[in-house]
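Engineer: Given the structure of chain W, go ahead and fit chain L onto it with the hints provided.
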Amino acid sequence: MQKIKWFLLIGITVSILFSCLIMATAAEMTAEEIINKRDDNEYFDTTQMEAEMIIVSGGRKIIKAMFVLADKRNALVEFTNPVDRGTKFLKREDDLWMFFPDAEEIIKISGHMLNQGMMGSDFSYQDVMESDKLTDLYDFKIIEEEEFEGRPCYVLEGIAREGVKVSYYRRVAWIDKDRFIGLKEELYTQSGRLLKETKVNKIEEIEERWIPTNSVMENKLRKDTYTEFTITQIKFNLEIPEETFSLQNLR
Amino acid sequence: MFSFKLGLKNLTRQKRRNILIILVIAFAFSSYLLMDSLMNGMEEMSFDNIKNYDTGNIQVVHPEYWEDREELLLENLIYLNQDMEESIKNTDGLLGVSSELRFKANLNNGIDEVAVRGVGISIEQYNQVFATQNYVVEGSMFAPGESKAVIGVSLAELMDLKVNDYITLLVRTKEDTFNTIDIEIAGLVRAPNPMINNGIVFVPLDVARQALNVGNAVSMITLKTVSGDEDTLTKELTDSFKNKNLDLKAYSWKESASSVIALSAAKKGGIGAILSVVLLIGMLGIINNVILSALERTEEIGMMKALGMREWEIVFVFMVEATGIGILGGLAGCLLGYAGVSALVKYGFSIAYIGGDGSAYGIPILDRIYGAWNYPAFSFLFILGIIIAVLSSILPSYWAAKKDPVKAIYHR
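Going line by line, the protein sequences match chains W and L.
Be aware that the first sequence starts at 0, since it is given in numbering that gives the first Met the number 0, and climbs by one per residue.
Be aware that the second sequence starts at 0, since it is given in numbering that gives the first Met the number 0, and climbs by one per residue.
Next comes chain W alone, as it looks inside the complex (with noise of 0.2 Å):
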């Protein structure tokens, strides 16, 4: 009895000591190494997955299904769905391509153009379109821990930095503490007005990562209205060829 007592003793002490210490390694993480192992989780060199998009504006419901391959700093999306069998997009650096296969033509995407949401969904082609680092555009700072859906989290507030441009002046994040995947996020106006918040409804441990499989983005102007996106399939890091993101792939 007095062995038991004694293992036991010597396991809540070893449990303390080793919470503690995990607590200690994270109470010293900053907001920008928070964001970072964030963003090193959620992104990774090369992806291709099958993905499925439900817009829902008022009573109407739209279903659209992609194929997509990305690297870094390009993406080919490819719709699959019967009524917009075709369609594709081209990210490549900065720019931006679609391809409409009834008009045979393909268009750039560009100016007042960006504002507008993707195929009718509550992502702007400029969402698509952010790919800097979010630390470089944002001084970031933990301004709470906080429990969401069950899970412990980080509250991350960023403020754009002075001088460069981005589309949300302030946006806040709840990161899990564990897992460091994005639950939650938040995104302000300049007057401090919330625009658009995306949630994610569903993690699955793929490949040995966390990725969110089900999001919800949310136009908070707009009543009634939401865009759920669901990764169906995914794979990482496969050769993708480097013609794939070229114009003459686009046709």
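Warning: the hint list may mix true and false statements.
What the hints assert, rightly or not - Here are the simulated BS3-like cross-link-like pairs (lysine-lysine), alpha carbons at most 27 Å apart as the crow flies: (1) W:K219 with L:K161; (2) W:K219 with L:K103; (3) W:K140 with L:K173; (4) W:K90 with L:K173.
Hints in this document: simulated from the structure, not taken from any laboratory.
Keep in mind the model is a prediction, meaning the values are calculated, not measured.
Structural biologist: Showing chain L alone in chain W's frame:
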């Protein structure tokens, strides 16, 4: 004198046929006059609507802004300073000066969003230059210092908005960051320029400047002058800016309206084509009439020649008859045209007949196009009608006069 009298008398011999030709000429001439009046009216109204609701008589802008002015970028703006204000104030002949900040925005009513042009204005200055205030149909323009907005009736209908509703304008600041302007609607306007009704939101200048982070900048300074003085004042202002090393240039409203002016020139080309058709109708009518008369009067021509009438006298008889038809047709056409143009000037022509407002056709006019008087067109058409009648009668008359008298008398 005998030939002249005979020609006049011949006018009354085939009454029905001559009246028919006179009516055809009258119809063609009056149609031309109506079309001309409508086109001139449309041009006048288009130009007034551009000056009174969009550009003022002169716009002062940064030359690089001017190139891309339709893009509504927040680049190459004017940062107001004393030198600029003095240059403008010291220019004689200005009736009003208004600073504007134009920007792209998405108008949001909580359910839908639509792209609009935001215009930041200082209301007292704006009212000196533009006539929009006269067309407020509900509520009022916002008062100085009041943070409210004014939008067009069509836009309000589209977005299901009314006076005292709150709207959100989603804009991008100078740094390209999203910002919002939450503002109450003070009034709805229904100005004659469709652009004001369909796609513009007016907000106070200070509200726009703050939301867009542009300090004391404006996109342009619009000036009201006496019509016709624009070219002189534009040159004077541009020289004054140059002397003070200011990177500004003055542009007459005509440069903003170049597309409407081009459209108007194209329409004038169309009017020219209509005039050719009209004159061709008159010519064919008269030629036809002379030939028919000559054929009917072949024996008579032979008899006249046998009695000693010379060829030119016979030609003259037919020419007098044709000229008479030309004069009567022209007179009837001018009278009909006068009545039609009077009605067009007074009551106008509803654009609804051709579907929607004029903006769909690149014409900045709403509802009705009113005709405009063009008196020289009446005299021009009348004189041209007579000349055409005389000229077109020469050949067939000569053909008639050349007939051999013996063969002519026994031509059957």
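Engineer: Evaluate each hint against the coordinates.
Structural biologist: Hint-by-hint comparison with the structure:
Distance check on the hinted pair: W:K219 and L:K161 sit about 22 Å apart at the alpha-carbon level, within 27 Å; holds. Restraint check: the Cα-Cα separation between W:K219 and L:K103 comes to about 20 Å, which is no more than 27 Å; the hinted pair holds. The straight-line distance between the Cα atoms of W:K140 and L:K173 is roughly 25 Å, inside the 27 Å bound, and the hint therefore holds. Distance check on the hinted pair: W:K90 and L:K173 sit about 25 Å apart at the alpha-carbon level, within 27 Å; holds.
The structure is consistent with each of the numbered hints, conforming to all of them.
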